[in-house]
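Colleague: Next come the chains, spelled out residue by residue.
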Amino acid sequence: MDTTIKDRTAIVGIGQTRFGKGIEASELSLACQAISMAIDDAGLAPSAVDGLVMYSMENGREVEVARNVGLGDITYFGEIGYGGGAGCGTVGHAAMAVATGQCDVAVAWRARKRSAKGSRPWANVNQRLGGATQWSRPFGLLRPVDEIAMLTRRYMHEFGATRDHLANVALAFRMHANRNPNATMYEKKMTREDYMQARWISEPLCLFDNCLETDGALAVVIVSAERAKDLKQQPVYVHSFAQSIPQQHQVMTNYFCADPLLGPSYACARLLWRRSDFQPKDVRVAQLYDAFSPLIPLSLEGYGFCERGAGAAFTNDGALEWPNGRLPTNTAGGGMSEAYVHGFNLVLEGVRQMRGTSTSQVEGAESCLVTSGEGVPTSALLLRR
Amino acid sequence: MASGFLLPDIEDDDTAPFWQGTARGQLLVQACSACRHRRMPPRPMCPACRSLQHTWMPLSGRGTLWSYVVAHPPLLPAYQSLAPYNVITVALDEDSQLRLVGNLVARADGPINEVDPATMRIGEPVRVVFQQVEDVFLPRWMRV
Chain A
1 MDTTIKDRTA IVGIGQTRFG KGIEASELSL ACQAISMAID DAGLAPSAVD
51 GLVMYSMENG REVEVARNVG LGDITYFGEI GYGGGAGCGT VGHAAMAVAT
101 GQCDVAVAWR ARKRSAKGSR PWANVNQRLG GATQWSRPFG LLRPVDEIAM
151 LTRRYMHEFG ATRDHLANVA LAFRMHANRN PNATMYEKKM TREDYMQARW
201 ISEPLCLFDN CLETDGALAV VIVSAERAKD LKQQPVYVHS FAQSIPQQHQ
251 VMTNYFCADP LLGPSYACAR LLWRRSDFQP KDVRVAQLYD AFSPLIPLSL
301 EGYGFCERGA GAAFTNDGAL EWPNGRLPTN TAGGGMSEAY VHGFNLVLEG
351 VRQMRGTSTS QVEGAESCLV TSGEGVPTSA LLLRR
Chain B
1 MASGFLLPDI EDDDTAPFWQ GTARGQLLVQ ACSACRHRRM PPRPMCPACR
51 SLQHTWMPLS GRGTLWSYVV AHPPLLPAYQ SLAPYNVITV ALDEDSQLRL
101 VGNLVARADG PINEVDPATM RIGEPVRVVF QQVEDVFLPR WMRV
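These protein sequences, in sequence, are chains A and B.
For the first sequence, the numbering used here assigns the number 1 to the initial residue and increments by one for each residue that follows.
For the second sequence, the numbering used here assigns the number 1 to the initial residue and increments by one for each residue that follows.
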């Protein structure tokens, strides 16, 4: 008996609010709106939902979501930690719960109002630091961008990566956003010169190496593959799923292990591909977590699209660009140019690619890799049509 | 907080000896009493042998620059007033896998924005200095 979850569940509904800054609705309201749209997209009744999986950083609670949307009796609920590392994890846990019969219709979601200044997690100055942050923040390594910039400088030193490689990433995602009317940067073109002249945030990273700060919410509905056949949308199967906390990992400031540039994606990828009928060479479209541009070369290496140290060079010659690149990536614009909702928008774009409804549709792609935060305990999905 | 800088809780059970060491002008690292494995950051259990017994071993305070950033606004106000400033990671001479985050300063009591970032090089040798902020002595680094 095959005890894995391969192809046993499918994403059958997706929903998303508009993306913006200063949206008035609460995070709970945004969550309920996105979940409601996802349930409608699936053609299901709210009362059919009996499973909920969310980010542990979510402000709305399961009980409030259930009471607002009018969900049924919930028999499975869970939370995944580590911020941007959680996205694929919520979907994977929902898939495992459905596959094992702990619930029949599961919803996973993320709602966030990131544009408010108070939402910046690093801005709390009111107490002494305990745990990992005491080894970095006192010295002024305050923000996620600083923490990743430290790894980036080392990566550039070890492997010869340059700002031109990071610009390849930013420009590819911006081009995709320019084709996606729902993207924050839909109407804003960017040139290589714009990138090179942008202000520094944390050298070697500039403004355009950073993701957006977005208000918005997205949700997906997961059911068994069997049930999916009778629903109105083309099923998008959860083919493979993995998570990882690599050995001796420290969240974001992962400078204290033997080899800090071997990020969480390596350990995640080993299980993901072992459980998969597809291998990296078969995958023609990807949604890679992009809170910061250097996470892309690191992820390309970790997930096996190239050798270690070759991720920067992989981005040359338009490799990440639709339609002709080797691996069109973040085809809706990603966190850097569509919206930054802790990476959950990448899951929905993966679903659209498999449905054939992306605004930068990769023709003939049978599978789509979706990843969550590199640099933190992470997760990944391989979706298939 | 008076200074506006983020500072560690120096009374935490697992890390207090480190901060007591910096206050005495010593850079200490936890070493397992059973297997001698050295670990940084401090923690209660040895990941190599699971022993709960450890000692605090003084280090030479010498290392090399492993990586660095130059931080620009937006930052917390106390830090923003110093921006752009450097933050470095140092690999310690005793074991290059033991690393500490700090800043490169030009003088033992100098600020974190005095060294020209254009002159900084990965691999350059550094030595520790201790600078007091409120009741905490932070390890920072000078060129050798």
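Heads up, some of the hints might be wrong.
Quick list of in silico lysine to any residue cross-link-like pairs, SDA-like style, CA-CA up to 25 angstroms [as the list claims (entries may be wrong)]:
no., chain 1, residue 1, chain 2, residue 2
1, A, LYS21, B, PRO74
2, A, LYS21, B, THR119
3, A, LYS188, B, PRO74
4, A, LYS21, B, ARG43
5, A, LYS188, B, PRO73
6, A, LYS229, A, LYS21
7, A, LYS21, B, PRO73
8, A, LYS21, B, HIS72
If you only want the chain B side, here are some residues facing chain A, beta carbon under 8 angstroms, derived [to be verified]:
no., residue
9, ASP9
10, PRO41
11, PRO44
12, TYR85
13, GLN97
Note that these hints are calculated values from the structure, not bench results.
The C-beta atom is built at its ideal place from N, Cα and C for all residues, glycine as well.
Colleague: Each hint should be assessed against the structure and marked as holding or not.
Modeller: Comparing the hints with the structure gives:
For the given pair, LYS21/A sits about 18 angstroms from PRO74/B by alpha-carbon distance, which is consistent with the 25 angstroms threshold. For the hint pairing LYS21/A with THR119/B, the CA-to-CA distance comes to about 40 angstroms; that exceeds 25 angstroms, so the pair is violated. At roughly 23 angstroms between alpha-carbon atoms, LYS188/A and PRO74/B fall within 25 angstroms of each other, so this suggested pair holds. At most 25 angstroms may separate the alpha-carbon atoms for a hinted pair to count; LYS21/A and ARG43/B exceed this at roughly 41 angstroms.
Distance hint between LYS188/A and PRO73/B is fulfilled; the C-alpha atoms sit about 23 angstroms from each other, no more than 25 angstroms. Note on LYS229/A and LYS21/A: the hinted pairing is violated, with a Cα-Cα distance of about 38 angstroms set against a maximum of 25 angstroms. Restraint check: the Cα-Cα separation between LYS21/A and PRO73/B comes to about 20 angstroms, which is no more than 25 angstroms; the hinted pair holds. The suggested pairing of LYS21/A with HIS72/B holds, with an alpha-carbon distance near 23 angstroms, which does not exceed 25 angstroms.
With 8 angstroms as the threshold, the beta carbon of ASP9/B comes within range of chain A, its nearest partner Cβ sitting at about 4 angstroms, so the hint holds. Interface hint at PRO41/B: satisfied, since its Cβ lies 5 angstroms from the closest Cβ of chain A, which is below the 8 angstroms cut-off. A hinted interface residue such as PRO44/B counts as satisfied when its beta carbon comes closer than 8 angstroms to some beta carbon of chain A; here the least separation is about 13 angstroms, so the hint is violated. At a threshold of 8 angstroms, the smallest CB-CB gap from TYR85/B to chain A is about 6 angstroms, leaving the interface hint in force.
Below 8 angstroms, beta-carbon pairs count as interface contacts, and GLN97/B has one with chain A at about 5 angstroms; its hint therefore holds.
Checked against the numbered hints listed earlier, the structure breaks hints 2, 4, 6, 11; every other hint is satisfied.
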